[in-house]
Amino acid sequence: MSGKNLLKAIILGDSGVGKTSLMNQYVNKKFSNQYKATIGADFLTKEVMVDDKLITIQIWDTAGQERFQSLGVAFYRGADCCMLVYDVNNMKSFETLDNWRDEFLVQASPKHPESFPFIVLGNKIDLEESKRQISQKRAMAWCQSKGNIPYFETSAKEAINVEQAFQQIARNALMQEADVPEFNFPPSVSLDAEQKPDQGDCNC
Amino acid sequence: MEELKTHYDYIILGTGIQESILASALARNNKTVLHIDGNQFYGGNECSFNFSEFLEWIMNVQKNDNKAKQSTTTNDINKFYDSYHDIDIKILSGYDIPDNEPEITNRFALQNNKIAEEFLKQTQTSVEKDKLALLKDLIKDNRQFYISLLPKMAYSRGPFIDLLIKADLGNYLEFRSMEKTYIYNNDVFENVPCTKEDVFNSKQIKVIEKRKLMKFLTFVMNYRLEKESYEEYKDKPYSEYIKTYKLNPELQQVILQAINDSEEGLEDATTEEGLASTYRYLKSLGKWGNSPLICPLYGGGSEISQAFCRSCAVYGGVYMLDQKINSLEFKNNQYHLDCELKFTGDHLISSIDYLQDQSNIEITDYHKAIIITDKPLKKNIDISIYIIPPNTINNNKNRIMLIQQGYQANCCPKSKYIIYICTKATDTSKEEIKNVIQQLFEDKNDISEKNKLDEMEGENNENIKKDEEANDNNNKNDDDDDDDDEEEEEEEEEEEASKPKAYISVIFKQSIRKQKSLETKLDKTTLTIIDDMLPGISMETPVENALSIFRQLHPEIEEIYSKPQEEEEEKEEKQEEGQKEQEEQITNENEAVEEQTQ
Numbered sequence: 001m002s003g004k005n006l007l008k009a010i011i012l013g014d015s016g017v018g019k020t021s022l023m024n025q026y027v028n029k030k031f032s033n034q035y036k037a038t039i040g041a042d043f044l045t046k047e048v049m050v051d052d053k054l055i056t057i058q059i060w061d062t063a064g065q066e067r068f069q070s071l072g073v074a075f076y077r078g079a080d081c082c083m084l085v086y087d088v089n090n091m092k093s094f095e096t097l098d099n100w101r102d103e104f105l106v107q108a109s110p111k112h113p114e115s116f117p118f119i120v121l122g123n124k125i126d127l128e129e130s131k132r133q134i135s136q137k138r139a140m141a142w143c144q145s146k147g148n149i150p151y152f153e154t155s156a157k158e159a160i161n162v163e164q165a166f167q168q169i170a171r172n173a174l175m176q177e178a179d180v181p182e183f184n185f186p187p188s189v190s191l192d193a194e195q196k197p198d199q200g201d202c203n204c
Numbered sequence: 001m002e003e004l005k006t007h008y009d010y011i012i013l014g015t016g017i018q019e020s021i022l023a024s025a026l027a028r029n030n031k032t033v034l035h036i037d038g039n040q041f042y043g044g045n046e047c048s049f050n051f052s053e054f055l056e057w058i059m060n061v062q063k064n065d066n067k068a069k070q071s072t073t074t075n076d077i078n079k080f081y082d083s084y085h086d087i088d089i090k091i092l093s094g095y096d097i098p099d100n101e102p103e104i105t106n107r108f109a110l111q112n113n114k115i116a117e118e119f120l121k122q123t124q125t126s127v128e129k130d131k132l133a134l135l136k137d138l139i140k141d142n143r144q145f146y147i148s149l150l151p152k153m154a155y156s157r158g159p160f161i162d163l164l165i166k167a168d169l170g171n172y173l174e175f176r177s178m179e180k181t182y183i184y185n186n187d188v189f190e191n192v193p194c195t196k197e198d199v200f201n202s203k204q205i206k207v208i209e210k211r212k213l214m215k216f217l218t219f220v221m222n223y224r225l226e227k228e229s230y231e232e233y234k235d236k237p238y239s240e241y242i243k244t245y246k247l248n249p250e251l252q253q254v255i256l257q258a259i260n261d262s263e264e265g266l267e268d269a270t271t272e273e274g275l276a277s278t279y280r281y282l283k284s285l286g287k288w289g290n291s292p293l294i295c296p297l298y299g300g301g302s303e304i305s306q307a308f309c310r311s312c313a314v315y316g317g318v319y320m321l322d323q324k325i326n327s328l329e330f331k332n333n334q335y336h337l338d339c340e341l342k343f344t345g346d347h348l349i350s351s352i353d354y355l356q357d358q359s360n361i362e363i364t365d366y367h368k369a370i371i372i373t374d375k376p377l378k379k380n381i382d383i384s385i386y387i388i389p390p391n392t393i394n395n396n397k398n399r400i401m402l403i404q405q406g407y408q409a410n411c412c413p414k415s416k417y418i419i420y421i422c423t424k425a426t427d428t429s430k431e432e433i434k435n436v437i438q439q440l441f442e443d444k445n446d447i448s449e450k451n452k453l454d455e456m457e458g459e460n461n462e463n464i465k466k467d468e469e470a471n472d473n474n475n476k477n478d479d480d481d482d483d484d485d486e487e488e489e490e491e492e493e494e495e496e497a498s499k500p501k502a503y504i505s506v507i508f509k510q511s512i513r514k515q516k517s518l519e520t521k522l523d524k525t526t527l528t529i530i531d532d533m534l535p536g537i538s539m540e541t542p543v544e545n546a547l548s549i550f551r552q553l554h555p556e557i558e559e560i561y562s563k564p565q566e567e568e569e570e571k572e573e574k575q576e577e578g579q580k581e582q583e584e585q586i587t588n589e590n591e592a593v594e595e596q597t598q
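Residue numbers (full-length UniProt numbering), protein chains in the order written: chain A, 1 to 204; chain B, 1 to 598.
Be careful, since some hints might not be right.
Claimed, not checked - Simulated restraints, written as ranges between beta carbons of each label pair: (1) K92(A) x Q40(B): 21 to 27 angstroms; (2) S145(A) x S498(B): 48 to 54 angstroms; (3) Q136(A) x D99(B): 47 to 53 angstroms; (4) F330(B) x Q69(A): 26 to 32 angstroms; (5) G16(A) x Q40(B): 47 to 53 angstroms; (6) E556(B) x F31(A): 54 to 60 angstroms; (7) E47(A) x F330(B): 50 to 56 angstroms; (8) E114(A) x D96(B): 27 to 33 angstroms; (9) K121(B) x Q136(A): 47 to 53 angstroms; (10) L527(B) x Q69(A): 27 to 33 angstroms; (11) K92(A) x D76(B): 28 to 34 angstroms; (12) Q136(A) x K140(B): 37 to 43 angstroms; (13) D76(B) x D102(A): 24 to 30 angstroms.
The hints are simulated quantities; they were obtained by calculation from the structure and are not laboratory data.
Keep in mind that this is a model prediction, so the values were computed, not measured.
All residues carry an ideal CB built from backbone N, CA and C; glycine is no exception.
Only chain A is shown next, with the shape it has when bound in the complex (with noise of 0.2 angstroms):
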């Protein structure tokens, strides 16, 4: 296990899947059915425990910019682990989840891709199940030929299964070895160290 106790974690898949809602009913317990074009939301952080170690989860929203692939690399750099979300009602954005995963892998590039730490949740089970278009049978199917992802289904609005999906991954997370630097750089510039009064002096 490694020594870390910050995750960084993102959560991908198409607009409209409920993305921003997982994370806001995990962390607030909050769920709002207006859909909110993910405004003002940059990532939200969550203290939890996984077995006996206090983590701090970083949940990373798309903030819209998955809407026409214009996420940079920026957003995927450092992820710990990653949630592949789908709307278990919408067929297409299940067809996605295959793009969304290697668009991760190209971006993030982890050390180790065929065991980094994925989740795929299907979302919005709480809709009437006339209207479902994947079953979970095909779902688990296509998680286990890319490697056993975990799967879960989840109602962002019922709090159904969300607490459980946040916990696995971030466990899954820390099994994840660590990657420890060889070098011992210097630190790098700290922006918040900022706060202090400017002396407006030079060392000459």
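Mind docking chain B on chain A? Use the hints.
Frame of chain A; chain B shown alone:
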């Protein structure tokens, strides 16, 4: 799913740093923003590429150049490739060809290898095995490369850092201090002294010169309070004013060429301009380490763009990359844009790349080179700047600037370095860049070299021991000496033993475009054209430019990034109500548009 709006307050074309700053600032102030780029990547002319993208970029520049020569016109509005010309590619020869290549099954790796082959076919007369092996080796670490078309750093005190903090973008960006600046003198790169420590520790500067230099540097830090002391030189050349401090020619060169962020040095600057430039540099010292500049990691330009774009998206901005723009018209007081979908906008902010009428622009050309090497120019130094003043390598007429970034800048895999060379284009500039490359880098891999190297290292170690002994004796006589100097001497000797190998060196000309006059800018008050960024090292001018454009567009907004949270939410809600009404009207239109595109 929410319908996409088709009308926006602002349509922004191009995702360069300045356009992205404006996009973020507008969205944060409740303006609706549609932000479009014709390229697949963020950053416009400030973009950075991984290795395969870099090869593709080179091929595209070559193709575009050939097309331009045959004067075939394309109907794409995006003129990104038109600013790059005369690209020359040189690949190291004699690279070790591996005896048995491991079989590659990964489809991404296969694809990359195909790009490498294609690249050699297009750019070289024949596909030589050693060169292909080299490219394949480099492309293995494809995504660890961030090769920038306009490498930039930021002053640690200045408008760029202020803006990042105000906009709260610290989370998106990482920086590391630039380590050292060097100036070429007597066939070696000498460390540029600019802090008190540097000046005192310098072995090259005599004690009396140290005093003069300190006097000058201290004056510049307070120059604005002592206007009378330079008043008579104000509009005269800075070089003349500096002479009044009676510094030796080398130190004058340091001030004019190295301690500033100007594109061409301060040789032609007035005293007023020069003092301002030196002051900006000195002011930033000591905040984060012994250097005034911090280097954005992962290639810089496109990272900075992406940070501002994300902040725009977070506040509702709509993003579309990789858009072929079919038409862009102004009618009925609106801009009509036809790309993947059709949109209208009240205002248009456009990078000069998308300006249809290019007759009113002024072009300044720069000759540049991008080199990937196996070693840094100075041992154990990663992020650094090297200035070659005029008349130092084969009587060069131009000031030539080199920027080195490696693994520490997260721009390269381990033990690779990118060196960027830039100088203003003149009749001789290309030749001068070639001379610099020849002087500083090895262009072939000598197989017997490895054995030689081993021997030399052995000898060197012995020499160093002798040197140390000699130095010990010197130290007793000279108080100014200290340990740093010994290290420097070691470095120089080893560097002479073998130069960095230029795995791949690419020379090209880049046009920096600017609108000709203010009058044309104000033709339509709803149109803003963003000039290209100049290739100087820092980001202060473009940031100030973007902010001043914002203030012109919205003089009523005092603080771009500071607003009480509640007020913001209220406004959002109000906006949404308004939007709903509008949306109902737009929905019909939207459906029509969608049908068309399908």
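| request: Please write out, lowest number first, the hints stated earlier that are contradicted by the structure. | output: 5, 6
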